[in-house]
Amino acid sequence: MSPGDGTRELPSETTLVRNLKEGEAGAFEVLVRENSPRLLAVARRYLPKEADAQDAVQDAFLSAFRGMAGFTGASKLSTWLHRIVVNASLMKLRTRRRKPEVAIDDLLPRFENDASAHHLDVIAAWRETAPDELTRDENRVLVRAAIERLPDSYREVLALRDIEQLDTADVAELLGVSKGVVKTRLHRARQALRALLDPHFREGAP
Amino acid sequence: MNCREFTSFIADWLDGELPVGQAQVFQAHIAMCPPCEMYLLQYQSTVELARLCQPEDAVPGEVPEALIQAILAARPTGDGSDPTQP
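Line by line, the protein sequences give chains A and B.
Be aware that the first sequence starts at 1, since it is given in my numbering, and climbs by one per residue.
Be aware that the second sequence starts at 1001, since it is given in my numbering, and climbs by one per residue.
Simulated from the structure, these hints should not be mistaken for lab results.
Since we're looking at a predicted model, the values are computed, not measured.
Don't take every hint at face value.
Okay, the calculated bits of chain B under chain A, using three or more residues with CB under 8 Å as the criterion [to be verified]: (1) 1001 to 1008; (2) 1024 to 1031; (3) 1034 to 1045.
Using N, Cα and C, we set each Cβ at its ideal position, and we do this for glycine too.
Between the sequences and the hints, there should be enough to build the whole structure, so can you do that?
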């Protein structure tokens, strides 16, 4: 198949898997060309640097090639690859040089130190935002930049739970932490992200 | 329930994991505390924003051909050897 050739009929998944297991070169090309765009988008959720995201995709396909013999078909091929690229991205996230991060505690809500424990900071209204407006390019850039400012351990939980929509138990297993830790990190990540977005989404904000 | 406690229960409430009695107290707090009601709305908007504002799938032409070729060069060959190993 030539790059960008969208006219040829794709093999069924069963046929594709059989051909992959038999080591047929064309099957690998179909697998890579069909899945790499989506897997690259997944890797970019964890790895803002494009080179890191591409490395993770490459690592993921190499893992998939090695694991193909053990692929049982219990899940769809695309689901299996998705899982592998998430793992590859998390591995990459942990091995790259750490960047300066915001202190999460500075972004959590503060409360009066009495029995009422009222909010210390004014919770100003956000402007009404319809889905079309929310996903405008400038908002996408702004939200993704805010997510990138979160410490890695919080960003990865936010990505796995709120973006990949994995459940708490799966995330806990993937990260090797307890479900309680996942819940705490997710709640703090969301609160910190709210604080980072607050100046941009307040009524009257530019 | 005070505002600090309310805030700490938001995630469990959204997941439907608060015991019935505690959920009722949580909802009663919303009705009497505009700042917490606002905070809850913004917390939910934040979750939605994070989900909606992710990169869309790359289009096929956006994946560099060099990356595809590098991946394909490492595919297993029919003789069972692994090209990634010396």
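Now for the hints, and whether the structure bears them out:
no., hint, verdict
1, 1001 to 1008, "holds (count 6)"
2, 1024 to 1031, "violated (count 0)"
3, 1034 to 1045, "holds (count 8)"
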